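Engineer: Sequence:
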Amino acid sequence: MKLLGVLITIYCIASTLAIDVNVPSNGMADLNPVVNDGKSETEWTITTSANCHILLSCAVKGEESCDDVSIVTKDGDKERKLCPMATNSFTVQDFINEKVYVKIMTTGKDYKASCKAYSITNPKQPNQA
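Going by mature numbering (1 follows the signal peptide of the UniProt record, and there is no 0), the letters in the sequence shown line up with residues -18 to -1, 1 to 111, in that order.
Because the hints were derived from the structure by calculation, they are not lab data. This structure is a prediction, so every number in the text was calculated from the model and none was measured. Quick reminder that beta carbons are idealized off the backbone N, C-alpha and C, glycines included. Accuracy of the hints is not assured; some may be wrong.
[Said to hold, decoys possible] Only pairs whose alpha carbons sit at most 25 angstroms apart, straight line, appear in this in silico DSS-like list of lysine-lysine:
no., residue 1, residue 2
1, Lys63, Lys21
2, Lys21, Lys43
3, Lys43, Lys91
4, Lys60, Lys43
5, Lys21, Lys98
6, Lys43, Lys56
7, Lys21, Lys85
8, Lys21, Lys94
9, Lys91, Lys60
10, Lys98, Lys81
11, Lys91, Lys63
12, Lys85, Lys60
13, Lys91, Lys21
14, Lys98, Lys56
15, Lys98, Lys43
16, Lys56, Lys85
17, Lys60, Lys81
18, Lys43, Lys94
19, Lys85, Lys63
20, Lys98, Lys85
21, Lys81, Lys63
22, Lys43, Lys63
23, Lys56, Lys81
24, Lys56, Lys94
25, Lys63, Lys94
26, Lys85, Lys43
27, Lys98, Lys63
28, Lys98, Lys60
[What the hints assert, rightly or not] Derived DEER-like restraints, expressed as beta-carbon distance ranges:
no., residue 1, residue 2, range
29, Asp19, Ser96, 33 to 43 angstroms
30, Lys91, Asn8, 31 to 41 angstroms
31, Asp49, Asn8, 31 to 41 angstroms
32, Asp49, Ser7, 35 to 45 angstroms
33, Glu23, Asp59, 33 to 43 angstroms
34, Asp12, Lys81, 12 to 22 angstroms
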């Protein structure tokens, strides 16, 4: 029985991956999830420079439900979820914060989802030097 508990713990750890990504000013990072035969989640904490904001471009391919594949983004207290529809889903999200959380969940190799994170320099305001 003790061995079964160890195996379950190892499986749970192996199916979730957390990654910290620092996108340099005016840079870009690909967010491609680790995909297994079963359910897997890849989580990113994306940060950028103080004078920048983050722009995400995400896509979910397929006609499955949110139970099969999804992308969740969190910017402060605001959370959004992108799921497949009758056709492929695509979204672009612009975040004010310098830190964004992204999680991609898949339940098999047939489900496709990915994002690109861009760091955009904030434009100077008219009263700034």
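Engineer: All hints, please: hold or fail.
Structural biologist: Hint by hint, here is what the structure shows:
1. Lys63 x Lys21: Holds: Lys63 and Lys21 sit about 17 angstroms apart, inside 25 angstroms.
2. Lys21 x Lys43: 16 angstroms, holds
3. Lys43 x Lys91: Holds, at about 12 angstroms.
4. Lys60 x Lys43: 24 angstroms, holds
5. Lys21 x Lys98: Holds. Lys21 to Lys98 sits at ~22 angstroms (cutoff 25 angstroms).
6. Lys43 x Lys56: Between Lys43 and Lys56 the Cα gap is close to 21 angstroms, so the pair holds against 25 angstroms.
7. Lys21 x Lys85: Distance of about 13 angstroms is within 25 angstroms: holds.
8. Lys21 x Lys94: 13 angstroms, holds
9. Lys91 x Lys60: Not OK: Lys91 and Lys60 at ~29 angstroms, beyond 25 angstroms, violated.
10. Lys98 x Lys81: Distance ~15 angstroms between Lys98 and Lys81 Cα, so the pair holds.
11. Lys91 x Lys63: It holds: about 20 angstroms lies between the C-alpha atoms, which stays within 25 angstroms.
12. Lys85 x Lys60: The hint holds at about 14 angstroms.
13. Lys91 x Lys21: 10 angstroms, holds
14. Lys98 x Lys56: Judged against 25 angstroms, a Cα distance of about 15 angstroms means the pair holds.
15. Lys98 x Lys43: Holds. Lys98 to Lys43 sits at ~15 angstroms (cutoff 25 angstroms).
16. Lys56 x Lys85: With Cα atoms ~9 angstroms apart, Lys56 and Lys85 stay inside 25 angstroms; holds.
17. Lys60 x Lys81: 12 angstroms, holds
18. Lys43 x Lys94: Distance ~5 angstroms between Lys43 and Lys94 Cα, so the pair holds.
19. Lys85 x Lys63: Given pair Lys85, Lys63 holds - Cα atoms ~9 angstroms apart, limit 25 angstroms.
20. Lys98 x Lys85: 13 angstroms, holds
21. Lys81 x Lys63: 17 angstroms, holds
22. Lys43 x Lys63: 14 angstroms, holds
23. Lys56 x Lys81: 9 angstroms, holds
24. Lys56 x Lys94: 20 angstroms, holds
25. Lys63 x Lys94: Satisfied, since the Cα-Cα distance of roughly 15 angstroms is no more than 25 angstroms.
26. Lys85 x Lys43: 16 angstroms, holds
27. Lys98 x Lys63: 16 angstroms, holds
28. Lys98 x Lys60: Status holds; Cα separation ~19 angstroms.
29. Asp19 x Ser96: 33 to 43 angstroms: 19 angstroms, violated
30. Lys91 x Asn8: 31 to 41 angstroms: 34 angstroms Cβ-Cβ, so the 31 to 41 angstroms window holds.
31. Asp49 x Asn8: 31 to 41 angstroms: 37 angstroms, holds
32. Asp49 x Ser7: 35 to 45 angstroms: Given about 38 angstroms between the Cβ atoms, the range holds.
33. Glu23 x Asp59: 33 to 43 angstroms: Distance hint for Glu23, Asp59 is violated at roughly 21 angstroms.
34. Asp12 x Lys81: 12 to 22 angstroms: With a Cβ separation near 19 angstroms, Asp12 and Lys81 satisfy 12 to 22 angstroms, so the hint holds.
Consistency with the previously given hints fails for numbers 9, 29, 33, ordered from lowest to highest.
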